[in-house]
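J.: If you want the building blocks of each chain, they are given just below.
Number of protein chains: 2
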Amino acid sequence: MIKTPTTSFEENEVQLAKALAANDLAATSKVFHPLGVSESIEQLERLNTFDRALAYRTLPKDKAVEVFERLDASLQADLVSSLQEADVAEVFAELSPDDRVALLDELPASVANRLILGLNAKERALTSTVLGYSQGAVGRYMSPEFVITHPEMTATETLARVRAQLDDAESIYTIPVTDVGRRLVGVVSLRDVLRADPVAMVKDLMKKPISVPATLDVEEAARYCADAKVLVLPIVDAEERLVGILTVDDALQILEDAESEDAARSGGTEPLRRPYLATPVRSIVRARVVWLLVLALGATLTVKVIGTFEAALDEQVVLSLFIPLLIGTGGNTGNQAATTITRALALGDVRPRDVLKVFLREVRVGALLGLLLGALGFAISSLSFSVPIGLVIGLTLLGVCTMAASIGGMMPLLGKAVRADPAVFSNPFISTFVDATGLIIYFLIATSILGL
Amino acid sequence: MIKTPTTSFEENEVQLAKALAANDLAATSKVFHPLGVSESIEQLERLNTFDRALAYRTLPKDKAVEVFERLDASLQADLVSSLQEADVAEVFAELSPDDRVALLDELPASVANRLILGLNAKERALTSTVLGYSQGAVGRYMSPEFVITHPEMTATETLARVRAQLDDAESIYTIPVTDVGRRLVGVVSLRDVLRADPVAMVKDLMKKPISVPATLDVEEAARYCADAKVLVLPIVDAEERLVGILTVDDALQILEDAESEDAARSGGTEPLRRPYLATPVRSIVRARVVWLLVLALGATLTVKVIGTFEAALDEQVVLSLFIPLLIGTGGNTGNQAATTITRALALGDVRPRDVLKVFLREVRVGALLGLLLGALGFAISSLSFSVPIGLVIGLTLLGVCTMAASIGGMMPLLGKAVRADPAVFSNPFISTFVDATGLIIYFLIATSILGL
Numbered sequence: 033m034i035k036t037p038t039t040s041f042e043e044n045e046v047q048l049a050k051a052l053a054a055n056d057l058a059a060t061s062k063v064f065h066p067l068g069v070s071e072s073i074e075q076l077e078r079l080n081t082f083d084r085a086l087a088y089r090t091l092p093k094d095k096a097v098e099v100f101e102r103l104d105a106s107l108q109a110d111l112v113s114s115l116q117e118a119d120v121a122e123v124f125a126e127l128s129p130d131d132r133v134a135l136l137d138e139l140p141a142s143v144a145n146r147l148i149l150g151l152n153a154k155e156r157a158l159t160s161t162v163l164g165y166s167q168g169a170v171g172r173y174m175s176p177e178f179v180i181t182h183p184e185m186t187a188t189e190t191l192a193r194v195r196a197q198l199d200d201a202e203s204i205y206t207i208p209v210t211d212v213g214r215r216l217v218g219v220v221s222l223r224d225v226l227r228a229d230p231v232a233m234v235k236d237l238m239k240k241p242i243s244v245p246a247t248l249d250v251e252e253a254a255r256y257c258a259d260a261k262v263l264v265l266p267i268v269d270a271e272e273r274l275v276g277i278l279t280v281d282d283a284l285q286i287l288e289d290a291e292s293e294d295a296a297r298s299g300g301t302e303p304l305r306r307p308y309l310a311t312p313v314r315s316i317v318r319a320r321v322v323w324l325l326v327l328a329l330g331a332t333l334t335v336k337v338i339g340t341f342e343a344a345l346d347e348q349v350v351l352s353l354f355i356p357l358l359i360g361t362g363g364n365t366g367n368q369a370a371t372t373i374t375r376a377l378a379l380g381d382v383r384p385r386d387v388l389k390v391f392l393r394e395v396r397v398g399a400l401l402g403l404l405l406g407a408l409g410f411a412i413s414s415l416s417f418s419v420p421i422g423l424v425i426g427l428t429l430l431g432v433c434t435m436a437a438s439i440g441g442m443m444p445l446l447g448k449a450v451r452a453d454p455a456v457f458s459n460p461f462i463s464t465f466v467d468a469t470g471l472i473i474y475f476l477i478a479t480s481i482l483g484l
Numbered sequence: 033m034i035k036t037p038t039t040s041f042e043e044n045e046v047q048l049a050k051a052l053a054a055n056d057l058a059a060t061s062k063v064f065h066p067l068g069v070s071e072s073i074e075q076l077e078r079l080n081t082f083d084r085a086l087a088y089r090t091l092p093k094d095k096a097v098e099v100f101e102r103l104d105a106s107l108q109a110d111l112v113s114s115l116q117e118a119d120v121a122e123v124f125a126e127l128s129p130d131d132r133v134a135l136l137d138e139l140p141a142s143v144a145n146r147l148i149l150g151l152n153a154k155e156r157a158l159t160s161t162v163l164g165y166s167q168g169a170v171g172r173y174m175s176p177e178f179v180i181t182h183p184e185m186t187a188t189e190t191l192a193r194v195r196a197q198l199d200d201a202e203s204i205y206t207i208p209v210t211d212v213g214r215r216l217v218g219v220v221s222l223r224d225v226l227r228a229d230p231v232a233m234v235k236d237l238m239k240k241p242i243s244v245p246a247t248l249d250v251e252e253a254a255r256y257c258a259d260a261k262v263l264v265l266p267i268v269d270a271e272e273r274l275v276g277i278l279t280v281d282d283a284l285q286i287l288e289d290a291e292s293e294d295a296a297r298s299g300g301t302e303p304l305r306r307p308y309l310a311t312p313v314r315s316i317v318r319a320r321v322v323w324l325l326v327l328a329l330g331a332t333l334t335v336k337v338i339g340t341f342e343a344a345l346d347e348q349v350v351l352s353l354f355i356p357l358l359i360g361t362g363g364n365t366g367n368q369a370a371t372t373i374t375r376a377l378a379l380g381d382v383r384p385r386d387v388l389k390v391f392l393r394e395v396r397v398g399a400l401l402g403l404l405l406g407a408l409g410f411a412i413s414s415l416s417f418s419v420p421i422g423l424v425i426g427l428t429l430l431g432v433c434t435m436a437a438s439i440g441g442m443m444p445l446l447g448k449a450v451r452a453d454p455a456v457f458s459n460p461f462i463s464t465f466v467d468a469t470g471l472i473i474y475f476l477i478a479t480s481i482l483g484l
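The listed protein sequences derive, respectively, from chains A and B. For the first sequence, the residue numbers in this note's numbering are 33 to 484. For the second sequence, the residue numbers in this note's numbering are 33 to 484.
Check before you lean on any hint, since a few could be wrong.
Because identical chains share one entry, a pair is satisfied inside a single copy or across any pair of copies.
[To be verified] Pairs of lysine to aspartate or glutamate, EDC-like flavour, derived with a Cα cap of 16 Å: (1) LYS62 <-> ASP119; (2) LYS261 <-> ASP104; (3) LYS93 <-> ASP200; (4) LYS389 <-> GLU98; (5) LYS154 <-> GLU177; (6) LYS240 <-> GLU189; (7) LYS261 <-> ASP281; (8) LYS261 <-> ASP386; (9) LYS154 <-> ASP224; (10) LYS62 <-> ASP259; (11) LYS240 <-> GLU251; (12) LYS261 <-> GLU74.
These aren't lab readings, by the way, just hints derived from the structure by calculation.
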């Protein structure tokens, strides 16, 4: 049951903060003890690094392991540095190989090596398999512990195999089928194994496997797993031999992280590596300042553009009134297109090769939007100012919207084509570019219509 | 195996387009026949409504059902209107109750009613259970078909129950445990049932259940399922009686849709209901125009603000050069904060009650960013223009960044508090507000320093 609304969660938080401030471990433990694993994690995520370690150490052994397993790797790493070596080694051995590698990636090399050396031979071998793939490849996120069956085995034999490996395998509900050369030839669901005649052969029960190579980008693999609606995605090497599985819950976590990154980038900031309230202010500043500086430098272009037309502005100072409105509308139109295409790319709805299709559609969309806004802009500013001013505003809106939508729509595709994160080529970057271009359109139309 | 890179997919697309353009159903079928279900769906999503129906009808029966099940509800609805009534009824009966309701929501009432009447009594009852919950509640997305067991049953008896319901239950891998009053008292995994002593009692195998009420917002429920890393989330009514289950693959789909919506809203557009290339241009325009008009009307505020200071501008036209740079930087800073907080809200890392905490953090972040940018802005514009101008630019950057970060960070929280979509209160809305406020700061500082 979800805890009765927020009151209880908030009360726990307040009591926890009090107990921790007083350094009262007995009281901390008393608040923590009755909480479920999910709430314990949420509470831990809201504490600073020091209090988090303090609170974590009051957890009973079993719960501590479960909580640790489900924490972000960055917070796990924080905890490791404040726990006793012996405690860490124990929890570390309990993690599954893929989670272990995620934690290793966050730790200083010396600590990581000591932890690896503390594992038994089998766990160390499993960990190395995963560590062997490069960061960003799905091989690094897969689980190398799985049950397999063979085409010539019966349903009963398969079930016996599943029963024998209940404790180790990451998932037992979808069983990859391999031939003698360990090549993946099919998958069979535990459901079908249970349903089948006990002597039925696996080859008659199995389905065509879907699988991805271990070197594939992890986000693409996770998306593939989600789109195919499978609980388990088999991972194969270059010879189509089965090397691991990606489970749907890991795929979900990977997609969530990718989406946090996309959301951050399209807002012009680097993603935070920890939950917001657990991130120190200076880390937030660091995540934002580079982008902000780059964008501000880009915006000096607009200073140059307006400077070029300073004489025209000096003569008709009224023109400066519309600068924010016009470039704002351009920026908004560009953002809309960029947002739509970035998301469509992430979902696989459009591909980089669709660039011409997208361009033609966005030109039409932009022109239609420009006609509507331009007509309105013409009417309002003709009445408030003068017909020539109205004409300038109306035509500029038409031009700016068409330009902004088409550029905004193409940027994410170009970004993807040059293998950059499409979100980086997205909203703020476009705004800067569209601002300068929009101003040029504005002043060219203004000078020719008003004869400046 | 994922199809060998894009060539093959692109070739299929070209051949499909050719065959459809020639109205050649035999050729269409020849291209379509060898494709897997996933690629078939991707190809269908890229066609227009008419061609899609044409291509779909060439699919062999079994594959047609599987493809239909995995299409978006909006595309399913398009297909329904171009298929024969008899064909539709057959596919409709094959859908699971939750998918059926998603489709019904997209159809005109008359078609929906005819389809419901065509179901057998059992399927109709299951469908009504789901239809009974309001849109947006998890009850409407749950599956009412599940296996249950009881605390006093043995592992063997439970396994027999699972075997008996292999064909109907949506998931058999996590089994809810209920008491005589149908109240949820635990969950037991099929893995634990298989591992257990055959005569072990379920009450000794089961874990404490996590569940959510059927009236809970579907996005929150899906997030809960993802965070808890469970394959199945039991759904209960107000009396804690089990009424359905939410499976992890449905949760994933729900989170994807929610994220598409958030991404769209924070880019100032409504989400498209179909894949991009399957959406007509006029629908794209419709998704964007209202937002664009609202934002443009909001931006007329900036016209008013600058108008108020027209005399100052007339005297120092150089001030207009910096307008896009300054409001752009304010907009970017505000977007960064809003993006971070919107995402943190979606992930449950911050709650509306944290508004003061967020405000204080963002004031500090904004002031730090403003100091850095302001110092740089002062240096550059002192050299390029004059020290008083440099002072105006530097101080304005400090003020604008502090204001923008704090407003940007609070808006999503305020939005959430008044139960609006936080993303609606997000980036473009903030830009407009921050633009006007930023201009006021700019001109107040300029007029007092330059003595205008």
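J.: Against each hint, give a clear statement of whether it holds in the structure.
T.: So, going through the hints one by one against the coordinates:
1. Taking the shortest alpha-carbon separations for LYS62 and ASP119, neither the intra-copy value of 22 Å nor the inter-copy value of 62 Å comes in at or below 16 Å.
2. Taking the closest pair of Cα atoms, LYS261 and ASP104 come within 16 Å of each other only across two copies (13 Å); inside a single copy the shortest separation is 25 Å, beyond that limit.
3. With identical chains, the CA atoms of LYS93 and ASP200 are never at most 16 Å apart, being 21 Å at best within one copy and 40 Å at best between copies.
4. With identical chains, the CA atoms of LYS389 and GLU98 are never at most 16 Å apart, being 49 Å at best within one copy and 29 Å at best between copies.
5. Taking the shortest Cα distances, LYS154 and GLU177 sit within 16 Å of each other inside one copy (11 Å), while across copies they are farther apart (41 Å).
6. Proximity of LYS240 to GLU189 under the C-alpha cut-off of 16 Å is found in neither arrangement, the shortest distances being 20 Å within a copy and 33 Å between copies.
7. Taking CA atoms no more than 16 Å apart as the test, LYS261 paired with ASP281 passes in both settings, with 12 Å inside one copy and 6 Å between copies.
8. Proximity of LYS261 and ASP386 under a CA criterion of 16 Å is satisfied in neither setting, with 26 Å inside one chain copy and 37 Å between copies.
9. For a Cα distance limit of 16 Å, the shortest separation of LYS154 from ASP224 qualifies neither inside one copy, at 31 Å, nor across copies, at 24 Å.
10. Proximity of LYS62 and ASP259 under a CA criterion of 16 Å is satisfied in neither setting, with 44 Å inside one chain copy and 24 Å between copies.
11. Taking the shortest alpha-carbon separations for LYS240 and GLU251, neither the intra-copy value of 23 Å nor the inter-copy value of 33 Å comes in at or below 16 Å.
12. Taking CA atoms no more than 16 Å apart as the test, LYS261 paired with GLU74 passes between copies only; the shortest distance there is 14 Å, against 28 Å inside one copy.
Against the hints set out earlier in the document, violations occur for numbers 1, 3, 4, 6, 8, 9, 10 and 11.
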